[in-house]
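These protein sequence lines are chains A and B, in that order. Each residue of the first sequence is one higher than the one before, starting from 1023 at the first, in the numbering used here. Each residue of the second sequence is one higher than the one before, starting from 1336 at the first, in the numbering used here.
Bear in mind the hints are in silico, worked out from the structure with no lab data behind them. Note that CB positions come from ideal geometry on N, CA and C, so glycine has one too. A portion of the hints provided could be inaccurate.
[What the hints assert, rightly or not] Straight-line alpha carbon distances no greater than 20 Å define the calculated SDA-like cross-link-like pairs of lysine to any residue that follow:
1. B:1492 - B:1539
2. B:1641 - B:1536
3. B:1495 - A:1260
4. B:1495 - A:1263
5. A:1038 - A:1048
6. A:1080 - B:1536
7. B:1487 - A:1086
[Said to hold, decoys possible] Not close to chain A: a few residues of chain B, all C-beta gaps over 10 Å, as computed:
8. 1462
9. 1512
10. 1543
11. 1614
[Stated by the list, open to error] Across the chosen pairs, the derived CB separations fall in these ranges:
12. A:1090 - B:1532: 43 to 51 Å
13. A:1047 - B:1408: 17 to 25 Å
14. B:1497 - A:1197: 44 to 52 Å
Chain by chain, the residues run as shown.
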Amino acid sequence: MVRRPSGRSRFEGAIKAILFCAAVVSILTTLAIVFSLLSETIAFFGDVPIGDYLFGTKWTPQFGGDQQSFGVLPLIWGTLYLTGIGLVVAIPVGILSGMYLSEFAPRAVRKVVKPVLELLAGVPTIVFGYFALTFFTPEVLRNALGLGVNQFNALSAGIILGILVVPTIATLVEDAMSAVPASLREGSAGLGANKVQTAIRVVFPAALSGVVAALVLGASRAIGETVIILIAGGQQPRLSLNPYESYQSMAAFIASTARGDIPTGSIEYETIFVVGMTLFLLTLALNIVSIRLVRKYRQVYE
Amino acid sequence: MRNNRLLLTLAVSSALAFGVTACGDDEEEPTSGATTEEPAAEGGGDLSGQIAIDGSSTVAPFAEAAAELFNEENAGVQITVGTSGTGGGFEKFCAGETDISDASRPIADDDEVPICEENAVEYAEVQVANDGVAVATSKELAVDCLTTGELKKIWNKGSKVASLADVNPELPDTELSLYGPGTDSGTFDFFTDEINGEEGVSREDYEASEDDNQLVTGVSGDAGGLGYFGFSYAEAAADQLNLVGVDSGDGNCVKPSLETIQDGSYKPLARPLFMYPSKKAMERPEVKAFMDFVTTQAPAIAEAAKIVPLTDEQLTEAQGALAQ
């Protein structure tokens, strides 16, 4: 063995240090976020009992006197409800288009469709928001489908939210399915299965861990999405099932409240941080669950 | 998956960072928007010094616009505009802490005037603009007139009114969707005070936004859209909205317009807006120059701030009040 020149190893050491720093930046950022949320959150729970916050059904922090109420359930519900509508659209469309791209699409079609999907992923969400508000709600939902939706409504915001998430899911599903070894497909074909049977019964289950990861990433993306809901979904915290009405999500609440004229240090100001912390914990929980799921399926199929 | 978490973290943090900076911006708007750091020679004027303004949040956009326009000529003068509310503004003003107080009502004879007198703070009362809140509906819900009593039934705390037929059987029973300004806005304070009888008291289940354009979009887009916002926004979107006349109880239904707001006949949702410069501060050349600027340019400033300007007559009166 020839000894490497020390200059080179020093160079490699420097590269490693840079890579380490890059990794540390993300960890420090996460910690800093938790820290920055923490002090206001603690201050908030000094004034409002945690039970009232978690289980209260009325969210009116901006009002005064006996009209003020800090039950966060309507905001959590709005977030989950809008995300749910989005996923109802995004999961089938995303998985099917990912499957199509990976298993069925001729090369020429894939060459066109994939960049278009990626382009869709690059559209700024504010464009989606105004698309939902000024085109999708009045032209599609009202005029074409004849639905009696409000100007700001969960249906429109939720569907467009789903479309926003489709590229994320489709691309990841395609990657996961393409990564399945060709030998599995060949074996399936050798046993007499056709292409559709192979795709659904062999390739898809084999790629399941990647598919689950795609879905969870899509869901997280939808939960944290702010602008579309802020613009097209309305600003009314509501515990209801009617998709024609307006709802407020946690992220939209943060954005709209921060835009107003609230004094620093007031309880309204603290609600921004408390809701931010709640959103943070919710997405964290979702990620922990997803990591578990992915591990579980990976053990089975690898 | 670690990647996912990072993405999410970034998403959350950017949402929050947006929140925090947006707050900061609002807080600092008066200073950052209205002042210049160094007395710049190219600004034209050779005035310098500081002017402290505080008071009504309704007048604040006017004061900020005035400060901005004034700074174009006199870059060396630092003007800060606070929004402590009319009462809070007078408190500071009568304690001698501010130079000019913004007010959406005249100074109160019983409790505020004596404090000013005690501290020997003399002042002038100058009307600088008019304020009007318009009630509007969608074109489909073409209501001509509502009484203040009906408005109160719709908007008061705990109201369960779901259609106009609930307050008056002759009106359409289209399901209402209500829009109004956020609770931080001066328009909200004014409307709730005049209509519901107590500032800040209102039903909570309406679509609230600090963005007047969003309110206009909502009211005009829903079949049962009904809302209230500053008159200038209603006027700018007049072709998409149906402006509702208000009957203050005397059977006279008055539609909001520049004229009815300026002459006060659009009751009770029109009011004059004031600035109170202290006489002592007016001895300083920069304050004198600023108030002279305001009283000569008031209509242009009002236009920039999107509130209802003074009539020529009111402008002459304002100049007279300042000269005293």
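- request: For the pair supplied as a hint, residue 1080 (chain A) and residue 1536 (chain B), confirm whether the alpha-carbon distance does not exceed 20 Å.
  value: holds, 16 Å
message: Would the hint linking residue 1495 (chain B) and residue 1263 (chain A) be met if the CA-CA limit is 20 Å?
response: The hint holds at about 19 Å.
- prompt: Beyond 10 Å from chain A, beta-carbon-wise, is residue 1512 (chain B)?
  reply: violated, 5 Å
message: What's the verdict on residue 1487 (chain B) and residue 1086 (chain A), does the C-alpha distance respect the 20 Å limit or exceed it?
response: holds, 18 Å
- prompt: Is the Cα-Cα distance between residue 1495 (chain B) and residue 1260 (chain A) 20 Å or less?
  reply: holds, 15 Å
query: Is the straight-line distance between the alpha-carbon of residue 1641 (chain B) and that of residue 1536 (chain B) 20 Å or less?
result: Given that 20 Å is the threshold and the Cα spacing comes to 26 Å, the pair is violated.
- request: Decide, holds or violated, for the assertion that all CB atoms of chain A are farther than 10 Å from the CB of residue 1614 (chain B).
  value: Residue 1614 (chain B) clear of chain A: closest Cβ-Cβ about 31 Å, beyond 10 Å.
query: Do the alpha carbons of residue 1038 (chain A) and residue 1048 (chain A) lie within 20 Å of each other, as the hint requires?
result: With a Cα-Cα distance of about 16 Å, the restraint between residue 1038 (chain A) and residue 1048 (chain A) holds, given a limit of 20 Å.
- request: Determine whether the Cβ-Cβ distance between residue 1047 (chain A) and residue 1408 (chain B) falls within the hinted range of 17 to 25 Å.
  value: For residue 1408 (chain B) against residue 1047 (chain A), whose Cβ atoms are near 47 Å apart, the range 17 to 25 Å is violated.
- prompt: So the hint says 43 to 51 Å: do the beta-carbon atoms of residue 1090 (chain A) and residue 1532 (chain B) match that?
  reply: This hint is violated: roughly 19 Å between Cβ atoms.
- prompt: Does the Cβ distance between residue 1497 (chain B) and residue 1197 (chain A) fall inside 44 to 52 Å?
  reply: holds, 50 Å
- request: Take the C-alpha atoms of residue 1492 (chain B) and residue 1539 (chain B), compute the straight-line distance between them, and say whether it is at most 20 Å.
  value: The hint holds at about 7 Å.
Taken one by one, the earlier hints fail for this structure at numbers 2, 9, 10, 12, 13, listed in ascending order.
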